[in-house]
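Trainee: Let the sequences and hints guide you as you build the complete structure.
Each protein sequence line maps, in turn, to chains S and F.
Remember, this note's numbering sits 1 above the position in the first sequence when you count from 1.
Remember, this note's numbering sits 1 above the position in the second sequence when you count from 1.
Hints are computed from structural coordinates only; laboratory data are not their basis.
Please note that the accuracy of each hint is not assured.
Keeping only pairs whose Cα atoms sit at most 25 angstroms apart, straight-line, the calculated SDA-like set for lysine to any residue is [stated by the list, open to error]:
1. S:211 - F:290
2. S:211 - F:324
3. F:327 - S:355
4. S:211 - F:5
5. S:140 - S:182
6. S:552 - S:319
7. S:211 - F:345
8. S:117 - F:334
9. F:178 - F:335
10. F:291 - S:347
11. S:118 - F:338
Residues from chain S shown here face chain F by an in silico Cβ test under 7 angstroms; the list is partial [to be verified]:
12. 124
13. 126
14. 201
15. 202
16. 209
17. 212
18. 215
19. 351
20. 363
21. 367
Glycine included, C-beta positions come from ideal geometry on N, C-alpha and C.
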Amino acid sequence: MNALIKPKQFPLPSSLKVVPGTERAQAAYPYYTQFSAADDQRFWFYNSMHFPEPMSAFDMVTAEAAYCALGAVNTRVHCLPTTLGIDHRIINGRVYIGGNSVTDPAEIAARLEEFKKRAFYYYENWERLYDQWRAKMLKLIEDARSLPKPELPELEPLANVHAGRGVASNHILFDTYQKTLEGYFRMWHHHFEFLLLGYGAYMTFFEFCKKAFPEITDQTIARMVAGFDAEIFRPDDELRRLARCAVELGVDKSFQEHASVDEIIASLKLKGEAGREWLQELETSRNPWFNINVGDGFYHYHRAWNDDLSMPFASLSAYVGRLNAGESLHRPIEKLQAERRQLIEDYRELLATADERAAYDQMITLAHRVFPYVEGHKFYCEHWYTNLFFNKIREFGGLLAAHGFFPDAEDVFQLTHYELESAVIDLMNAWSTGSQPRGPEHWPQLVAERRAALAVWAKHATAPALGAVPDVIDDPAIVMLWGITRESLDRWLCADSGPNQDEIRGVAACRGVAEGTARIITTVEQMSRLKKGDILVCQITNPTWAPIFDKIAGAVSDIGGSMSHAAIVAREYGLPAVVGTGNGTTRIKDGQRIRVDGGRGVVTILH
Amino acid sequence: MRSSALVGWFADIGLADRLEVGGKGGNLGELTHAGIQVPPGFVLKTAAFERFIHALESESPVRERVESLEADDLGAMTALSAQLRARFAAAPLPADVADAIASAYQELGNGAAQSGVAVRSSATTEDASDASFAGLQDTYLWVQGVQQAQDRVRSCWGSLYSVESISYRRKRNFKEKNVAMAVVVQTMVDARTAGVMFTRSPLTGDRSVMTIEGSWGLGSAVVGGEVTPDRWVVGKITGEISVREISTKLIRHAAAAGGGIESVRVPEDLQRVACMSDEEIQTLRAIGRKVERHYGRAQDIEWAVKRGSEEILLLQSRPETVWSAKESAPVGQAAADPSLHVLSIFGGRR
Numbered sequence: 002m003n004a005l006i007k008p009k010q011f012p013l014p015s016s017l018k019v020v021p022g023t024e025r026a027q028a029a030y031p032y033y034t035q036f037s038a039a040d041d042q043r044f045w046f047y048n049s050m051h052f053p054e055p056m057s058a059f060d061m062v063t064a065e066a067a068y069c070a071l072g073a074v075n076t077r078v079h080c081l082p083t084t085l086g087i088d089h090r091i092i093n094g095r096v097y098i099g100g101n102s103v104t105d106p107a108e109i110a111a112r113l114e115e116f117k118k119r120a121f122y123y124y125e126n127w128e129r130l131y132d133q134w135r136a137k138m139l140k141l142i143e144d145a146r147s148l149p150k151p152e153l154p155e156l157e158p159l160a161n162v163h164a165g166r167g168v169a170s171n172h173i174l175f176d177t178y179q180k181t182l183e184g185y186f187r188m189w190h191h192h193f194e195f196l197l198l199g200y201g202a203y204m205t206f207f208e209f210c211k212k213a214f215p216e217i218t219d220q221t222i223a224r225m226v227a228g229f230d231a232e233i234f235r236p237d238d239e240l241r242r243l244a245r246c247a248v249e250l251g252v253d254k255s256f257q258e259h260a261s262v263d264e265i266i267a268s269l270k271l272k273g274e275a276g277r278e279w280l281q282e283l284e285t286s287r288n289p290w291f292n293i294n295v296g297d298g299f300y301h302y303h304r305a306w307n308d309d310l311s312m313p314f315a316s317l318s319a320y321v322g323r324l325n326a327g328e329s330l331h332r333p334i335e336k337l338q339a340e341r342r343q344l345i346e347d348y349r350e351l352l353a354t355a356d357e358r359a360a361y362d363q364m365i366t367l368a369h370r371v372f373p374y375v376e377g378h379k380f381y382c383e384h385w386y387t388n389l390f391f392n393k394i395r396e397f398g399g400l401l402a403a404h405g406f407f408p409d410a411e412d413v414f415q416l417t418h419y420e421l422e423s424a425v426i427d428l429m430n431a432w433s434t435g436s437q438p439r440g441p442e443h444w445p446q447l448v449a450e451r452r453a454a455l456a457v458w459a460k461h462a463t464a465p466a467l468g469a470v471p472d473v474i475d476d477p478a479i480v481m482l483w484g485i486t487r488e489s490l491d492r493w494l495c496a497d498s499g500p501n502q503d504e505i506r507g508v509a510a511c512r513g514v515a516e517g518t519a520r521i522i523t524t525v526e527q528m529s530r531l532k533k534g535d536i537l538v539c540q541i542t543n544p545t546w547a548p549i550f551d552k553i554a555g556a557v558s559d560i561g562g563s564m565s566h567a568a569i570v571a572r573e574y575g576l577p578a579v580v581g582t583g584n585g586t587t588r589i590k591d592g593q594r595i596r597v598d599g600g601r602g603v604v605t606i607l608h
Numbered sequence: 002m003r004s005s006a007l008v009g010w011f012a013d014i015g016l017a018d019r020l021e022v023g024g025k026g027g028n029l030g031e032l033t034h035a036g037i038q039v040p041p042g043f044v045l046k047t048a049a050f051e052r053f054i055h056a057l058e059s060e061s062p063v064r065e066r067v068e069s070l071e072a073d074d075l076g077a078m079t080a081l082s083a084q085l086r087a088r089f090a091a092a093p094l095p096a097d098v099a100d101a102i103a104s105a106y107q108e109l110g111n112g113a114a115q116s117g118v119a120v121r122s123s124a125t126t127e128d129a130s131d132a133s134f135a136g137l138q139d140t141y142l143w144v145q146g147v148q149q150a151q152d153r154v155r156s157c158w159g160s161l162y163s164v165e166s167i168s169y170r171r172k173r174n175f176k177e178k179n180v181a182m183a184v185v186v187q188t189m190v191d192a193r194t195a196g197v198m199f200t201r202s203p204l205t206g207d208r209s210v211m212t213i214e215g216s217w218g219l220g221s222a223v224v225g226g227e228v229t230p231d232r233w234v235v236g237k238i239t240g241e242i243s244v245r246e247i248s249t250k251l252i253r254h255a256a257a258a259g260g261g262i263e264s265v266r267v268p269e270d271l272q273r274v275a276c277m278s279d280e281e282i283q284t285l286r287a288i289g290r291k292v293e294r295h296y297g298r299a300q301d302i303e304w305a306v307k308r309g310s311e312e313i314l315l316l317q318s319r320p321e322t323v324w325s326a327k328e329s330a331p332v333g334q335a336a337a338d339p340s341l342h343v344l345s346i347f348g349g350r351r
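Mentor: The following block contains the structure:
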């Protein structure tokens, strides 16, 4: 299984074996995430869009919390007529998912009536509910920020005793852990409160346009809907702002291209008032806009800019260089908005009848209403909150490491959230009884084993999908979120037998043609390998990679539809991109010269 | 350049004059008014044709015999056509008609070296949006000198009585007395590149894209299907070029020595080169939009890029007939509750 499996039909889950020697690491994942015999009857696909690398035991909490929330909203809150939730299974650290469709017409009809009562209320009251959502999210973030640092003092502080608090620090430890976990699960419920409805309204307009204008490109429709001031664009906008500040304050010389963060800051401190002023501006930007991950936020090691300034500072130096080269970094938002209005009006004029124009007006209005959420939620959920969450767990890691549970604070992420709770209880127990915790005998070996397994799994390509391909994929969640359709699966299946072996087809995400050297990037750490003019080939492009979008000539991803965040941001930056190729990262070899035609959705290997 | 009962210069005519100048002539006038560049020229009006046919009719009937033909009697039709075309070829032009052509031709040549003209049929029934007469009447390219021009005018008139033309009219039961032909005479464009443009997709009827096909040399190679042209699909509004197919163009049409056109081999190094730059595609798109706006409907356009000046000129524009005639189901209508639209996504089996 060293190469990607290229079957004429996808292998059955039961044929997928745990890599020998990693069985104990596999067993760490909860029993309900292990494939069972009955799973052979269903269709599954590898969610490389969200989980492109093997997931450590703790990080699995993201899949669990997200699918719990997605399923609850689809199945029981909004009652989507044709779909329930998404099941997930884990093998070799890879997350496979499968949708639960509703196919009985009577059940669909009954759910439809419920859907109208529930979802339509959201559409009608979108702005109010979304304002409420933002307030709710900010409160949740505030709650997470105010959780105490996990610590166990030698003796309970006198102040607590005199205040008659009545609970000791070991209980606070337990309480903090549970609240941390609870907050994360809650955040994912908020995340999905609007998501499917938002995507659905957008897709409604999208499909109308495709019917009215059969040859319209995806990106034209996206341009009619996309906003320009969504929160997800703010971090990059802040970098542009800080670069301008540096030039205006005359401290731009401090931003030498290969200087480290420490060197830059030290140099600024020598610049007196102007340097201090710039550092003040940096602080303003950092809170909250540097709470953004260098990855997708689903892995504990996707650190935020705030935790590792090297990423934003590298971009800052590049931006300063561009300003000094006479370039304007200004995004002309008003002009972009005026262009968008004109685009909408021009297409409207092409419709044949007044009736069609009335429908168009209703749909674009709805799409515009939902889009701020579609573009904006990710900053609050996947970035800001997720950073707080992983950093809090990291603090627990620090405490446990200090008590000898494992060598390094980061090792905490090799425990599942159940195991971590047991370790916390072990420690609180030991602290209370005055004896030694048992963890130091128990965890180090397991942690080492699991780290080794992750390294082994990362080298094993895995099948993009498992089981029999369904005749029709009618699950709006799967189609919209993952861009998976009957056509895309057929493409994956015959990826190797097409008439042109050098041609890889995917979804046209952003128009434009680019040629360059392919760089296969499968982990965030590898991003530094990218050179100017390279073409990024990855499992999924990430919106927060935006700063490197200025450097690369094009992007290719394995997974993603035209609504994936990658596609949205690629369009924003005008970066030629083809997403949803299925297996671009294995068919294209690092260093090959390739051509990306983002308008047609075709990647060509040029040799 | 004054227009007269027999001659109408493009600047003086329009579609409203269709009965006098025919569809093609009227459209060239319209384009001129709309500020679109066309090769300069004039129309020999239907009055000239009427005068000519009147002389013929005084010897023996023409129109009456055509109208009495059965639509499916191909034998009789072929015989009559041969007879009539022989009469057209033999009969002299009325003196005032011959003079009118000669003096307009001289005028057209003024100011520029007259290397040749196109003589093009412009029937009164032609280019109507409900009956595309495309290709049923003759066009003569690189006609040189007054004498040749006069002969080609007669050939154009005669082509109104070709078997195909007669058959087309009989099947539709046209009244022959309403059938007349004007003739367009315009400066020939020495085309570097030429082709056609539809202001809506010929494949899907999409009104938001234009399809452009072009090849090296004169447009006759593209229209006549003698070369696989380069093809572009361009967003009418966005200008985005979504399809760019550059084909291997083996031949081009060029002026033949002594008049007419000939096929010439395209040099190897140009065969696979795009015959239009992206900028030229954008210019053409802007022209297409202007023409479409002027007429208020989708157009089928012939264009050429003039060698040397590299200007884009339109040779013809007529209403698109295929998709316009289709009754297409509306793609949507307003819903009582706008939220109902989302059921197209969430409501099941689409």
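Trainee: Between the alpha carbons of residue 118 of chain S and residue 338 of chain F, is the straight-line distance 25 angstroms or under?
Mentor: holds (12 angstroms)
Trainee: Would the pair residue 211 of chain S and residue 290 of chain F pass a check requiring their Cα atoms to be no farther apart than 25 angstroms?
Mentor: Within the cut-off at roughly 21 angstroms; holds.
Trainee: Straight-line Cα separation of residue 327 of chain F and residue 355 of chain S no greater than 25 angstroms?
Mentor: Between residue 327 of chain F and residue 355 of chain S the Cα gap is close to 18 angstroms, so the pair holds against 25 angstroms.
Trainee: What's the verdict on residue 552 of chain S and residue 319 of chain S, does the C-alpha distance respect the 25 angstroms limit or exceed it?
Mentor: Distance of about 9 angstroms is within 25 angstroms: holds.
Trainee: Quick one, is the residue 363 of chain S hint okay against chain F at 7 angstroms, beta carbons?
Mentor: Holds: closest Cβ of chain F sits about 4 angstroms from residue 363 of chain S, inside 7 angstroms.
Trainee: Using Cβ atoms only, decide whether residue 367 of chain S comes closer than 7 angstroms to chain F, and label the hint accordingly.
Mentor: Holds: closest Cβ of chain F sits about 6 angstroms from residue 367 of chain S, inside 7 angstroms.
Trainee: Quick one, is the residue 201 of chain S hint okay against chain F at 7 angstroms, beta carbons?
Mentor: holds (5 angstroms)
Trainee: Please work out if residue 140 of chain S and residue 182 of chain S have their alpha carbons no farther apart than 25 angstroms.
Mentor: Cα-Cα ~16 angstroms, so holds.
Trainee: Does residue 178 of chain F pair with residue 335 of chain F here, judged by a C-alpha cut-off of 25 angstroms?
Mentor: violated (49 angstroms)
Trainee: Answer holds if the nearest beta-carbon of chain F is closer than 7 angstroms to that of residue 202 of chain S; otherwise answer violated.
Mentor: Nearest chain F Cβ about 6 angstroms off; hint holds.
Trainee: Is residue 211 of chain S close enough to residue 5 of chain F, meaning Cα to Cα at most 25 angstroms?
Mentor: violated (52 angstroms)
Trainee: Would you mind confirming whether the straight-line C-alpha gap from residue 291 of chain F to residue 347 of chain S stays at or under 25 angstroms?
Mentor: holds (14 angstroms)
When each numbered hint is compared with the structure, violations occur for hints 4, 9 and 13.
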